[in-house]
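Novice: Here is what each chain is made of, one letter per residue.
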Amino acid sequence: MISKEDRLKIQAWVDGELAPQESAQIADLIENSLTAKELANDLRGVRKVLKNGEKTVKIQDSPEFYWNQIQQKIESLDHVTDKMDERLESKTTPTALQWLIPIGSLAAISALIMHFNDSEIGQGVDSDAFKPAESIGFQPKSGLSEGSSIGLIEEEVSEGSELGVFSFEGTQIGGDLINPEEAGSLPESIENPER
Amino acid sequence: MDILNSSDDELVRSAQKGSMDAYEELVHRHRDKIYARAFSMLRNEDQALDMSQEAWVKAWQRLAQFKHNSSFTTWITRICINLCLDLIRKRKRQKLDSLDKLEEELGGVERLIEEAEDFNPTEKIERAELRERIDLALAKLSHEHRTVLVLHEFEQMEYKEIAKSIHCSIGTVMSRLFYARRKLGKLLISLKKER
Numbered sequence: 001m002i003s004k005e006d007r008l009k010i011q012a013w014v015d016g017e018l019a020p021q022e023s024a025q026i027a028d029l030i031e032n033s034l035t036a037k038e039l040a041n042d043l044r045g046v047r048k049v050l051k052n053g054e055k056t057v058k059i060q061d062s063p064e065f066y067w068n069q070i071q072q073k074i075e076s077l078d079h080v081t082d083k084m085d086e087r088l089e090s091k092t093t094p095t096a097l098q099w100l101i102p103i104g105s106l107a108a109i110s111a112l113i114m115h116f117n118d119s120e121i122g123q124g125v126d127s128d129a130f131k132p133a134e135s136i137g138f139q140p141k142s143g144l145s146e147g148s149s150i151g152l153i154e155e156e157v158s159e160g161s162e163l164g165v166f167s168f169e170g171t172q173i174g175g176d177l178i179n180p181e182e183a184g185s186l187p188e189s190i191e192n193p194e195r
Numbered sequence: 196m197d198i199l200n201s202s203d204d205e206l207v208r209s210a211q212k213g214s215m216d217a218y219e220e221l222v223h224r225h226r227d228k229i230y231a232r233a234f235s236m237l238r239n240e241d242q243a244l245d246m247s248q249e250a251w252v253k254a255w256q257r258l259a260q261f262k263h264n265s266s267f268t269t270w271i272t273r274i275c276i277n278l279c280l281d282l283i284r285k286r287k288r289q290k291l292d293s294l295d296k297l298e299e300e301l302g303g304v305e306r307l308i309e310e311a312e313d314f315n316p317t318e319k320i321e322r323a324e325l326r327e328r329i330d331l332a333l334a335k336l337s338h339e340h341r342t343v344l345v346l347h348e349f350e351q352m353e354y355k356e357i358a359k360s361i362h363c364s365i366g367t368v369m370s371r372l373f374y375a376r377r378k379l380g381k382l383l384i385s386l387k388k389e390r
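Listed in order, the protein sequences are those of chains A and B. Here the first sequence stands for residues 1 to 195, where the numbers follow the numbering used here. Here the second sequence stands for residues 196 to 390, where the numbers follow the numbering used here.
If you're looking for bench data, these hints aren't it; they were derived computationally from the structure. Misleading hints may appear alongside valid ones.
Unchecked claim - Cut-off 25 Å, straight-line C-alpha distance, at most; resulting in silico cross-link-like pairs (BS3-like, lysine-lysine): (1) A:73 with B:212; (2) B:253 with B:285; (3) B:335 with B:381; (4) A:51 with B:335; (5) B:381 with A:83; (6) B:359 with A:4; (7) B:228 with A:73; (8) A:51 with B:355; (9) B:335 with A:58.
Same shape as in the complex, but just chain B:
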């Protein structure tokens, strides 16, 4: 088997038969994508690295369960997301993120709506600079808000899929997504002003 020229699907089928070489090639091809997803959720390099590796280990163990209904990268990204969510839940138990909850309860959204009005997303900004800004803004969101935003905007997950993943109601997902977007809009404006 020509591993380097094989498709992902061929490599997965080979790995399912026990080929570590095929699996190694899959790791080489997609390691950055998996790591990036872990990092976007955890905002911590070491933890993201651990979780990404953990995802590869778990995927190897469950490889027989992969039925080729979706792409391999989608499948392993979901594994990584679930691992990150577990870690976030653990961290949350240790540290109560009370500030965001308070803001939600006090109806901070009205303030945000007004402040976000002068935000013009169509303004031309260098793509790399914009990505940098988005990254900084995402880093300032709470785990709850960032998670729903990342899953919806970058993983194209529907409300009900997100609700299932994070073990909450669709209403909670909608609410968190709403506040996350409003906050992100506000953060992007303030970052623009800073520069």
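Just chain A, with the same shape it has in the complex:
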């Protein structure tokens, strides 16, 4: 009786996959054991039969139809890849619009503040209606300073201010909405977000 290990080694010997030192051992086994010899012959037999090859199978579809299907798949994949590339590009490369939106927003806020101030001075609008911050005791730390141009809105951390509080410089003509001198009146939680 041949062990399972030896059977597999006989097969490996038939396939020429055995290491030289083991190959000699198995050759010896095949020569001296009838069962081993028969097994080797059977395995060789199956190999020989299979050498006759496989049954020829052919695609029934016409070559043109077969190719068209492949071409369509390739083109649809190329299309998807192009779209993904475009998306990736738009995510990594900032467009003019991506910059214009925040700049535009800042400009709009500045224009509103200007308009508010003009209305308050020139047309005598009841300024109480525009003082929600004051009504809750909120006093911004800094604001638009006199003499600055509208277009140049700088965002800077003012000296001595607490972390996370920024000052804005711009046009400011009078009014008590923004008063940099009253920064100390900010609630602690706003002035220092860490608290």
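We have chain A already, so just place chain B on it with the hints.
Specialist: Using the frame of chain A, we list chain B on its own:
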């Protein structure tokens, strides 16, 4: 470029530069071979057709990676084999092929050895008839057994290459190949008796 009279290598180089016409010619030349390999592994015409087309699509996408170290047909056949193996794994997850496992565990090989002894592969049979028989016998093998047999006998892959492709040990490959051969031998005898 005279596509019809160009060699595979010339067509591949042209396709690598983006020529769809060159690639179409490669498809026309080798579509049956790729389909036949897919069919021998899957034993299902529709799936074989899908996988063969998928292989052509994938090969187009990876064409830049082909370094001309092997023949183009070997390269694309490997792609097709990998796709078929993926599909077989998916199918296997859905349906447990318990019968073959049970036979292996119960040591069916001893029975097979005895029954296969009267098998004479050198007997003269018409080549076409023999191929037909081989095909029928292959169809009756489990996916696991058929895969290793096809890869070893028809694709001339070594044990370690097969092990790498099907993600298992060399020992498993040897074992499966052994049982596949024994079973195939037995099936060929029974098919002979049927006729």
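Novice: Tell me the hint numbers this structure goes against, listed in increasing order.
Specialist: 5
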